[in-house]
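Okay, here's what each chain looks like letter by letter:
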Amino acid sequence: MSETGLTGRIVSVNGPIVKAVGLTGAGMMDMAEVGPYRLIGELIRFQNEIAVIQVYEDNTGLKPGDTVTTSGRPLSVLLGPGLISNIYDGIQRPLISLEQLTGSFITKGVKASPLDVDRKWSVDITAFAGEEIKSGIVIGGIMESEAVLHRIMIPPGVSGIIEYIAPSGSYTIEDEIYRVKTEKGIFSGKLANYWPVRKPRPFREKKKSTVPLITGQRIIDTFFPIARGGTAAIPGGFGTGKTMTQHALAKWCDAEIIVYIGCGERGNEMTDVLNEFPKLVDPRSGRPLMERTVMIANTSNMPVAAREVSIYTGVTIAEYYRDMGYNVAIMADSTSRWAEALRELSSRLGDMPAEEGFPSYLATRLAEFYERGGYVDTLCGTEGSISIIGAVSPPGGDFSEPVTQHTTRFVRCFWALDKILADARHYPSISWIDSYSEYLDDIKGWWTGVDSAWHEIRTAALNILLEENRLQQIVKLVGPDALPVEQRFLLHCAEIIKNGFLQQNAFDTKDMYSTPLKQMKLLKLMLKFFHEGNKLLGSGVELKDILAMPGISELTRLKSEIGNDEHEMIDQFEEKLLSGMFELLRNIKDGASGV
Amino acid sequence: MVLPVSEREYMNVAGITGPLIIVEGVKGVGYGELVEIRTPSGEIRIGQTLEVDEDKAVVQVFEGTTGLSQRNMRTVFLGKTLEIPVHREMLGRIFDGLGRPIDGAPQVVSEIMRDVNGLPINPYSREYPRDFIQTGISAIDGMNTLIRGQKLPVFSGSGMPHNRIAAQIARQAKILTSEEEFTVVFAAMGVKFDVAWFFINSLEESGVLDNSAIFLSLANSPSIERIITPRAALTLAEHLAYDLEMHVLVILTDMTNYCESLRELSSSRGEIPSRKGYPGYLYSDLASIYERSGRIRGRRGSITQIPILTMPSDDISHPVPDLTGYITEGQIVLERELFNRGIYPPIAGLPSLSRLMKDGIGEGRTRKDHAGLAAQLFACYAKVKRIRSLAAIVGEEELSKMDKLYLHFGRSFEEEYLSQGYDENRDIETTLSIGWKMLSFLPEEELYRISRDDIQRYYIPDKSGD
Ligand SMILES: Nc1ncnc2c1ncn2[C@@H]1O[C@H](COP(=O)(O)OP(=O)(O)OP(=O)(O)O)[C@@H](O)[C@H]1O
Ligand SMILES: [Mg+2]
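Chains as they are written, first to last, in this note's numbering: chain A, 1 to 595; chain B, 1 to 466.
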């Protein structure tokens, strides 16, 4: 147990790293208030009698001699109702309240409670006095937003007999809701509790997930799917579409809660989310997307130390909702900026650098972060999951750098963004050559429920694309006309799949989201065309006649012309296409018999 | 931050390395505090603390340390951060890299002093920029639209006409829905006098010099000064935009020089370098400049940034363009090949990008067909590039008829769409119709990025081919 309220004195200041004496006895990772503005800091190291503190706010003006006071508890996140729809900086300062306090610019030392302390929540109590409870047990609920039922759980580490419990009614997060008689004494329960950011919240057991996280993005769902509770990385050079992909996933994936972490990226991208999410409707709950979203915004110009914490703040909030039994998805944009924050801090600490100046513990930290994802049995007896999708921004777009390389060791989906595709405005520019998913076997069963031939369809289509890639190497040397007609036809079919299936416009109302069924129907249609076309070629139909058939150019437009609930139009189109092909075949037969 | 008001003076300079001096025996000196260095001859230089210990401070001297001697130097710690006065009257004036007038007119007097580092804008307080700026340049307006409040850099190479393009933008930039003029804040870092002179002249010719402020840290001024120059310029820009409701266009040239100064400073501190010797915090440092743009909810003004940088050996993966591209909202890339063929402006078709374009164009802003048209032009031009590399091997004669059509499209696109005069100011309608004219060289079936509606309305089939 660390001592509370120790006061020490600063001896040196170097950027966000402050050294102080007189704090011996304070706990590692304790939160501290630094200097006259009581800036938030964290005790990250002890070197003999010197305590090293990382300061999370702009600390210009801080000087040797200024005081540091420890709080006796680790840097923590306040978990309770009011997180949903909120937007925080890296250390959970509420940006909306900060605006009310200091205006449009963030001044230093400004403080506000992460959760509204005055707001009264309508609480529905379901437990009763005398009941024996333990950690994770749900004792009541609050409709936190129209879309989210916030389950009030007994915090980890507390168990015993409920001695008192308030009746259902309106309460603030500071009101006492219940008292538990525990072995260590009486625990007074409130709606909100602190939890240390760097410590994973407990659960009963990790499990294998067999359900995909459906994202509505065709190339992801059909070709490189992620399971609920899975981990994925999106590496790509600047402007290749990491953020847009993350936004699309945050909008359309079928998680119940989204934690969006803008970590060292642009301010306007957060504004974009803030503008759009309240207007977009979740196709499942029918409610605005904002009602399932928590945002962390520690933009590139905000203090770099807080950027380092922002990832943990986000994942801790995600764990809290997972513990209630929800499927949560985290978008972290960009984990490279987080790694850079780590590098900057470690270099100011004088750590020995490993690769490219990153500290040797980079890999461990990345692993710890992705390890907080997963599909679990929660303490409250339900299942919950955290899927983590991290953007990676490799310098020069070169994937051989340390952050990308280490990340690939800890994620099981790799959605590699391709500069050439992005330059051609083929979005999402996820490469079908370099990407992979290790969840295929796990979720095969689920997809088979959508279409029993899912696996075959996927494989056949991917093979066409891979074969096209191989043929293009030959085309580069000899031109397409040197290829046999079947191979030229394959090139055309690959083009149709690329433009009509893989490419997906995030701004087109019909195209931005595809249900699994629409995905299957579209792809099957294209494969059908490929197979039937090959038969025609075999019967002597000319390639140019196949390509001149009415409807061929429409094949690539169906994605944006047919809505998710208009499947029968795809069937109708298929009939039309097939009868056109049949026509061609008949002509050739007639021609042959006519001779 | 409460800093001691009294100035404290010390003479114990224990060392000088590069732009840094180390002062010993100091007491109660703050991190980031402003320092005056006074020489026996009466010269005053300014600096800032980078690191403070109980009895020692590391100070970076913005005018450089050349000519300073360890003895006889007095350092005065001023108990505040580096601030400059800001005032409307600074328009029409010329300042040095630290924001001091060099045009012979008197010092600016203002009640408002601002820290040059500014404060981060609360992400919640931003207003998403959406107003289309017509620059009159087709390659920008049609395909990489500039938006009021955007940060859109020009990635150039030595000898290419980035300055002309920036000057043309400053001269022609216009918001279709309003009559307001842009106020220009121009900051030159490490460029030669003739570059600065070119800008000043072109601002004068277009009659906006009186509505502009110029900050010059030219090639012959101390390199370390450049760390402050863009910050001083942006500090004024923020006052003009957010206090005085002006629409400010900030041109920063050349950011590569700025980064070199930062690299020098970092290496004299003995920091562990990251790529190509640049410090590991280059990204965050650049972000602290580029993010000082945009719009704020409830305020009328805006800051639009056009940073210019030269890519060493035209290499876009060099840390300076690379990290810039990771922060800015797109980039206008100049291409050597187009330049050598005499095409002005030599704006590369594919690597250029405007990320804010999507919300600033379309019906009610530019025209309904704009987004589809631009996407189609990009896609077709990408195909042209592929066909060209094929033609280089198999020969143009061997290409299919369709491929030849594409090559024709490609040439016309470069010569008629991209290419235009330095004085040519095309309105958006003109730009869009040239775009459609280019697409008319291709058959309708190829236009899969454009909605059927728009094709019907705007596509002009080319009859000459058949
Ligand atoms: N799915 C998409 N649909 C339409 N446009 C897209 C899509 N993905 C990306 N884009 C376009 O590409 C631009 C860049 O995308 P994005 O901002 O996501 O890149 P990024 O990889 O996050 O870059 P950075 O690393 O610099 O943040 C967008 O502004 C948009 O114009
Ligand atoms: Mg991004």
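Keep in mind that the hints are not guaranteed to be accurate.
[As the list claims (entries may be wrong)] Simulated restraints, written as ranges between beta carbons of each label pair:
id, chain 1, residue 1, chain 2, residue 2, range
1, B, Thr39, A, Ser360, 32 to 38 Å
2, A, Glu456, B, Gly421, 44 to 50 Å
3, B, Met402, A, Ser539, 35 to 41 Å
4, A, Glu456, B, Ile393, 36 to 42 Å
5, B, His87, A, Thr107, 20 to 26 Å
6, B, Arg164, A, Ser285, 21 to 27 Å
7, A, Thr408, B, Glu337, 24 to 30 Å
8, A, Phe507, B, Ile393, 36 to 42 Å
9, B, Arg386, A, Ser539, 47 to 53 Å
10, B, Asp453, A, Ala460, 54 to 60 Å
11, A, Lys207, B, Leu176, 45 to 51 Å
12, B, His87, A, Phe507, 38 to 44 Å
13, B, Asp453, A, Glu456, 33 to 39 Å
14, A, Gln487, B, Asp453, 31 to 37 Å
Worth flagging that the hints you see were computed from the coordinates, not collected in a lab.
For glycine and all other residues, C-beta sits at the position ideal for the given N, C-alpha and C.
Hint check:
At roughly 45 Å, the beta carbons of Thr39 of chain B and Ser360 of chain A sit outside the given window of 32 to 38 Å. At about 58 Å, the beta-carbon gap between Glu456 of chain A and Gly421 of chain B misses the expected band of 44 to 50 Å. A C-beta distance of roughly 25 Å is found between Met402 of chain B and Ser539 of chain A, which places it outside the suggested range of 35 to 41 Å. In this structure, Glu456 of chain A and Ile393 of chain B meet the distance hint of 36 to 42 Å, their C-beta atoms being roughly 37 Å apart.
A beta carbon spacing of about 22 Å between His87 of chain B and Thr107 of chain A agrees with the range 20 to 26 Å that was offered as a hint. For the hinted restraint 21 to 27 Å between Arg164 of chain B and Ser285 of chain A, the CB-CB distance of approximately 54 Å leaves it violated. As the Cβ distance of Thr408 of chain A to Glu337 of chain B is approximately 35 Å, the hint placing it in 24 to 30 Å is violated. Checked against the hint of 36 to 42 Å, the pair Phe507 of chain A and Ile393 of chain B passes, with Cβ atoms roughly 37 Å apart.
Taking the beta carbon of each, Arg386 of chain B and Ser539 of chain A are about 32 Å apart, not inside 47 to 53 Å as hinted. About 34 Å separates the C-beta atoms of Asp453 of chain B and Ala460 of chain A, a value inconsistent with the hinted range of 54 to 60 Å. Checking the proposed 45 to 51 Å range against Lys207 of chain A and Leu176 of chain B shows it is violated: the Cβ atoms sit about 58 Å from each other. For His87 of chain B and Phe507 of chain A, the Cβ-Cβ distance of about 43 Å falls inside the hinted range of 38 to 44 Å, so the restraint holds.
The hint said 33 to 39 Å for the Cβ distance between Asp453 of chain B and Glu456 of chain A, and at roughly 37 Å that hint holds. In this structure the supplied range 31 to 37 Å holds for Gln487 of chain A paired with Asp453 of chain B, their Cβ-Cβ distance being about 36 Å.
In this structure, the hints that do not hold are numbers 1, 2, 3, 6, 7, 9, 10 and 11, in rising order.
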